[in-house]
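Asker: Construct the complete structure from the given sequences, taking the supplied hints into account.
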Amino acid sequence: MGAPSWRESSKVQPGGPGIRALGVSENEWRTIARDLAAGGGRLLGLWGDRDASGTSQIRAVLLSEHEALLLTLRLRDVDERYPGLEDLFPCASRLQRAVADLSGLHSTDPDLRPWLRHGAWPQLYRPLVDGAIAAPLDSQVDDYQFIRVEGDGVHEIPVGPVHAGIIEPGHFRISTVGEKVLKLEERLGYVHKGIEQRFTQLPIGEGHRLAARISGDSSVSYCWAYCQALEGISDVQITPRAAALRALCLEIERIANHLGDLGALGNDAGFAFGLAQFSRLKESLLRVTHDALGERYLMNAIAPGGTRVDLGAAGRVQLEACLREIAREALSLQRIYDEHAGLRDRFKGAGAVDAPLAARLGMIGLAGRASGQALDLRVDLPCEPYAKLAPVKCGRSEGDVAARVAVRFDELQESSRLIGRILAELPPGAHHVPVPLPPAEALGIGLIEGWRGPVLVALQAGEQGTIRRCHPHDPSWQNWPVIEHAIIGNIVPDFPLINKSFNLSYSGHDL
Amino acid sequence: MLKTLRQIASVGIATEPTPQADDSLRIRDGLQEHIRRVLGRALCIRHLDAGSCNGCELEIHALNNPLYNLEGLGIRLVASPRHADLLLVTGPVSRHMEVAVRRTYAAVPNPKLVVAIGDCGCTGGIFGESYASCGRVSNVIPVDVAVPGCPPSPTRILQGILAALTRSRSQPSASANGTP
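If you're matching them up, the sequences are chains A and B in order. Just so we're aligned, residue 1 is where the first sequence starts under our numbering, counting upward by one. Just so we're aligned, residue 1 is where the second sequence starts under our numbering, counting upward by one.
For the record, the hints were derived by calculation from the structure and aren't laboratory data. For clarity, every value in this text was computed on a predicted model and none was experimentally measured. Please note that a few of the clues may not be correct.
[To be verified] Here are the computed lysine-lysine pairs in the DSS-like style, where the Cα-Cα straight-line distance is at most 30 Å:
| hint | chain 1 | residue 1 | chain 2 | residue 2 |
| --- | --- | --- | --- | --- |
| 1 | A | 348 | A | 393 |
| 2 | A | 348 | A | 183 |
| 3 | B | 3 | A | 180 |
| 4 | A | 388 | A | 11 |
| 5 | A | 388 | A | 500 |
| 6 | B | 3 | A | 500 |
Answerer: Encoded structure:
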């Protein structure tokens with residue numbers, strides 16, 4: 001791309017490595033976004049907030065090669081429409097609709113339907129501007145305008161919000177002819193529970209607990225991203241041991257989720273053996289994690305300044321042995337999956353998103369890597385200790401269910417290799433340092449590659465240890481719209497399989 | 001196929017002994033003894049995510065793994081509330097799920113049991129009550145057993161489910177706690 005003109009005027013933003021910030025005009029907002037989109041950049045997050053004087057602003061984080069750029073556009077008044085980015089980054093559409101629902105700021109893009117607001121609160125109430133309310137608001141009857149497919153023999157199947165499995169709620173409107181899917185339209189927001197407003201009611205030193213509960217399957221990712229942002233604005237450097245322990249937790253989280261998904265994907269394709277085997281392996285990892293680090297799921301392992309828990313010698317040995325065994329068993333199970341004709345038949349070609357479409361839609365994370373989008377923050381924008389660990393990116397180009405299964409198998413092996421290194425080279429010393437209160441108004445950006453993809457937490461301090469604004473962003477925002485494309489032309493019974501192969505978060509998205 | 005069989009044979013049976021019911025988790029005694037006995041032989045559970053962070057879902061999934069082997073106890077997770085005897089509800093109830101939760105509860109045939117799972121299901125947890133959250137499950141539908149934890153372990157969840165089925169010796173009559 002060469003050195004773009006904005007590079008000189010941008011300055012370093014506290015938080016994760018390689019993040020720069022730039023205040024922009026309306027024109028620059030569009031031109032910089034267009035330049036970065038043309039160079040294969042990604043939109044990592046978009047949200048609204050207010051500066052110290054109360055002026056509304058719209059912010060976006062864009063990822064280019066080895067750099068993330070925070071753009072801030074100040075709006076002259078709240079009624080001014082800011083330039084939309086939907087044509088450059090398709091995932092911006094829902095993000096902008098969510099900003100309208102929560103902050104009352106509107107873009108120039110055409111889709112004006114609410115996204116996260118279903119009618120539990122009136123349009124005039126802006127949860128992130130007007131503050132908390134004592135009594136429940138009058139809920140309205142929700143009349144969402146789905147886009148209808150018309151024609152001879154077109155049949156509409158509404159699914160959800162309550163699904164026929166142990167999964168989160170969301171609504172899918174599937175239009176079909178016979179068994180073939182013509183169109184899928186998603187409706188999310190059912191598990192919106194006011195997380196962003198809740199953040200502003202917590203002390204900044206406690207917010208990591210809420211961050212860990214944004215999406216329970218990614219608690220380490222969110223908690224680390226929150227702490228990274230806080231430590232950035234508090235000017236704290238965590239110890240090498242703390243960084244290593246955090247990476248250990250993050251890779252355990254990745255392996256646990258991959259084991260769960262690999263079993264569930266086998267099961268969804270009618271191979272119950274896979275579920276039994278992988279869920280047994282996952283259970284063994286959870287138990288050893290509990291013995292070594294105190295919890296089956298690491299909801300409380302990371303805290304501002306380092307980690308809450310330390311790893312003892314016995315736990316280290318246990319983890320090492322457990323992961324060696326899991327890696328070995330996963331390899332032989334991979335061979336069984338690869339050679340199973342029934343699985344191959346269901347996985348191959350199902351829900352395919354080719355690389356050009358994935359690039360156009362801004363696909364990201366694990367699913368993106370299975371569609372030829374080789375982005376991994378652990379490699380591209382590494383925080384400690386990943387620069388030293390040198391993880392290898394895993395990827396495929398086919399973009400079908402088989403590719404997403406293969407990437408999980410590969411990442412499982414790679415993560416257990418990383419854990420082996422972390423355990424072998426665990427630095428001595430403290431695992432925790434004190435964190436002073438950050439200066440009011442300071443904004444930090446945390447960026448962590450969770451198992452699903454990049455997790456972003458933008459944290460702004462308020463007066464005396466309060467949180468002024470905290471915006472978490474889940475990679476599911478980028479990939480949910482992709483499923484609407486992946487399903488086209490597939491048969492309805494393959495929808496659960498395709499959906500599971502992405503395994504996106506509802507809670508992390510709905511906030 | 002040989003590899004698959006060899007793997008099955010080499011693992012053997014991983015299922016562990018069933019934990020005991022934990023009566024202290026019960027907050028309401030709604031069902032009569034003979035009904036409990038009938039349900040207890042083949043219980044059908046419908047999971048309902050009312051706004052959870054998906055952490056509790058991970059542990060409910062674990063109940064089906066070979067070590068806890070829920071189906072081995074005659075307890076099945078079913079696909080429709082109309083097939084269910086017991087609702088396993090997670091999360092604070094988000095306002096956007098409130099109607100769906102009431103309708104799902106209504107769709108379960110009588111007699112029915114409700115087990116609220118996790119700190120959020122028990123108290124609203126860290127999310128509490130707000131413009132978007134109704135708080136604990138019992139603010140919306142009657143709850144028989146509440147299992148705290150963030151997330152509670154599969155053993156705790158199973159103890160809660162079993163507590164809903166076995167009659168309490170210490171609490172012979174219904175208590176008002178937990179009803180809306």
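Asker: Give a verdict on every hint.
Answerer: Results of checking the hints against the structure:
1. A:348 with A:393: holds, 22 Å
2. A:348 with A:183: holds, 21 Å
3. B:3 with A:180: Since the Cα atoms of residue 3 of chain B and residue 180 of chain A sit roughly 35 Å apart, the hinted pair is violated (cutoff 30 Å).
4. A:388 with A:11: It holds: about 26 Å lies between the C-alpha atoms, which stays within 30 Å.
5. A:388 with A:500: Roughly 33 Å separates the two Cα atoms, so the pair is violated.
6. B:3 with A:500: Roughly 26 Å between the alpha carbons, so the hint for residue 3 of chain B and residue 500 of chain A holds.
When the structure is compared with the earlier hints, violations turn up for hints 3, 5 and for no others.
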